[in-house]
Amino acid sequence: MKILVPIKRVIDYAIKIRVDPTKGAQGVQLSNVKMSMNPFCEIAIEEAIRLKEKTTAEVVAVSIGPKQCTETLRTALAMGADRGIHIETKADVRGDYIDMQPWGIATLLKGVVEREGGVDLVLLGKQSIDSDCGQTGTLLAGLLNAPQATFASKVDRGDDGSFTVERETDSGTEVIKLKPSAMPAIITCDLRLNTPRYPTMPNIMKAKKKPVQTISLEDMVKELGLNLDEVLTPKNEVIEVYEPPPRKEGEMVGDVMELLAKLKEKGLVA
Amino acid sequence: DGHGASSSSPSSSFSRLFNPTADHLALRETVRSFVEREVEPQALSHNRAETFNVPLFRKFGSGNGGLGILGLTVPEEYGGTGLRDASAVSIVHEELSYSDPALCLSYLAHSILLANNLAVNGSREQLATFLPGVCDGSKIGGMCMSEPNAGTDVLGMRTRAVYDPARDGYVLNGTKMWITNGTITGNETGDIFLVYARTGDDRGDITQFVVEGGMGGFAAGQKIGDKLGMRASPTAELVFEDVFVPAGTHVVGEVNGATSRAGTHVVGEVNGATSCMMRNLEIERVALAAMAVGIARRALDEMIAYAASRPAFGRPNLFNFGQIQRHIGESYSEYMAGKCYLYGFANGLDLSRSGNGLDADGVKLYCARMAKDVSDRAIQVMGGYGYVGEYTVERLWRDSKLLEIGGGTNESHHKNMSRDLLRLSGNKLE
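Those protein sequence lines, which keep their order, are chains A and B.
Mind the numbering: the first sequence is residues 1 to 270 in UniProt numbering, read in order.
Mind the numbering: the second sequence is residues 1 to 430 in UniProt numbering, read in order.
Worth flagging that the hints you see were computed from the coordinates, not collected in a lab.
Only a predicted model underlies this, so the values are computations on that prediction, with no experimental measurement involved.
Take these hints with a grain of salt, some might be off.
Said to hold, decoys possible - Quick look at which bits of chain A chain B covers, simulated, 3 or more residues with Cβ under 8 Å: (1) 45 to 58; (2) 191 to 202.
Unchecked claim - Covered stretches of chain B (chain A as the covering partner; in silico rule of three or more C-beta atoms under 8 Å from a C-beta of chain A): (3) 22 to 29; (4) 32 to 41; (5) 53 to 66.
As the list claims (entries may be wrong) - Beta-carbon label-pair distances, calculated as ranges: (6) Asp301(B) with Tyr242(A): 24 to 32 Å; (7) Thr195(A) with Asn149(B): 49 to 57 Å; (8) Ala128(B) with Thr56(A): 30 to 38 Å; (9) Glu40(B) with Val238(A): 33 to 41 Å; (10) Asp301(B) with Leu224(A): 40 to 48 Å.
Idealized CB from N, CA, C, for every residue including glycine.
One chain only, chain A, in its complex shape (with noise of 0.2 Å):
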């Protein structure tokens, strides 16, 4: 079976964002930032290597971004995964929905799957937390016209090849059978499907002699017979970025009827 997990190198989930007004409408503090792999990136590569523990697998990481990622990708080896493919964007080019969007991560993605060829499986975080799209997954089942199953918290594989995926919904638990196809099985992965384990030293050491291949986001885009301005313009832009408004002090009240009265007061009750 083969595996191809896209990962991406997110600002650190414990990180405050600090808006950066000096870089734009839309600037972020983003250097001397500590950057690390999407928490659900994480999830998908761990439950890829369960998979390949389980039944015999290639996984394949693949990235998109400046050349950090190769540290991300190297996470990803450290934990199992096979191989890596980076694909380099120049330094500047942001991943934070202000550059690259799902659309176009996703028509890159499909053209990595052809280009793979034999690929059972697609494996992505649910969504990126700092993007907070959820789009990415099923814009590249739509695109591949390929079965798709999201915010999976269990994944369990078929000796058909067909994939079975619970989901946890609103109304409970949704139990999702993708039938084998032509084309690979998308599934995004949701937080409490597994929790990832830590790269060992050993591993890490060992990580070290797999192979990453990395290649312009030019050159790909050449290569798989696309069009850079469908990858990298924006569909979408992002007018401003700004800090949510701080919380402001509450009102202390001494009982519940001036609580009653403060509210009627403010309009908010009748």
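Got chain A; can you put chain B on it based on the hints?
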């Protein structure tokens, strides 16, 4: 919130100092995430109960998909990770100590005092025999140097090893004290130790032996309870009563008139252990300094977070008050000074040679005191909360005190550094 967008993040030159290569960064991140998930949640309870978390410790080993850091500096062919560099050692000790300095101390005794020492000083046969179990976590051990009546005065040790030609081995008699990992459960000894014993009449006639748990006459005297700090790390008195240790008949030379035999349980040359000692003391001091840096970093994070969220006197937080500003400012700069001294020194340290004592002593002397001071200020900033176990900083304060005593007292560093500086006194500092 009072500070500008770009002023608080470290510049990339500090990042490169603290993480010289991509491997070092990967090491730091993996240890940090392991510590967050598995070490942090258990630190307080083991400190309270004075128990050693053996299952977690074994996860540091390479067996069963563990972290693989017990043999950090041991060559890969013997089961280690092959990272023979002091920067990697510093990174691991700093990250572990952020959450559990006591567990880190046991890690230090095992990975540096035992594993690294053996890897540097042992024969190929000894490495192949003893290191795989030490690296995979199935064996836990340490090193025996101090005695009830000899600590700083290392060469004053009285444990004796006498060669018995009839059995081709040495008979050890004596007592060792303050041995980290000396006992694991409280009753039995640990699994394997490097033991220094006197094999001749000159002060420097010391030999290093491998002693294994289960050898006749080798027992745990007492587990040292009621320690001020490092309570989750087991400390013991170890007793040697006619412990026979095989030597083997492989003669390698002559030192001080004694025939030197390298064998199964004799490490290095007979009467030649002072050089084994010297080679390992420097990396031990670097590791202890790194523990101090981890302690200080945690104390700083705690005091900053507390001060930022605690309102007082109508002001939104404590950063408005000068004395708090002083505690925080002084702590940060002292921490950075110590951290830069540590990595500046570690990044250039060759683990297979000695002769760098001045800065090994210096960095531990400085960082140990710094960690104690920063933890103390953290308690002060946090007030009543700082005084309580749940808020972590009191444990850091207690743990930090050990660093001024273990692995070299402050006084021993003063003595060594003065000797070294006197020797260099013809020349001005660089």
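Hints, one by one, checked against the model:
A stretch counts as covered by a chain when three or more of its residues have a beta carbon under 8 Å from one of that chain; for the segment 45 to 58 of chain A and chain B the count is 0, and the coverage is violated. Only residues whose C-beta sits within less than 8 Å of a C-beta in chain B count toward coverage, and the segment 191 to 202 of chain A has 6 of them, enough to reach three; the restraint holds. Counting residues of the segment 22 to 29 of chain B whose CB falls under 8 Å from any CB of chain A gives 6; the rule of at least 3 is met. Counting residues of the segment 32 to 41 of chain B whose CB falls under 8 Å from any CB of chain A gives 3; the rule of at least 3 is met.
Here the segment 53 to 66 of chain B counts 3 residues with a CB under 8 Å from a CB of chain A, which clears the bar of 3, and the coverage holds. A hinted range of 24 to 32 Å for the beta carbons of Asp301(B) and Tyr242(A) is consistent with their spacing of about 28 Å. Checked against the hint of 49 to 57 Å, the C-beta distance between Thr195(A) and Asn149(B) comes to roughly 51 Å, which is consistent with it. Taking the beta carbon of each, Ala128(B) and Thr56(A) are about 33 Å apart, inside 30 to 38 Å as hinted.
Look at Glu40(B) against Val238(A): about 37 Å separates their beta carbons, and that is inside 33 to 41 Å. The supplied range of 40 to 48 Å is met by Asp301(B) and Leu224(A), whose beta-carbon atoms lie about 46 Å from each other.
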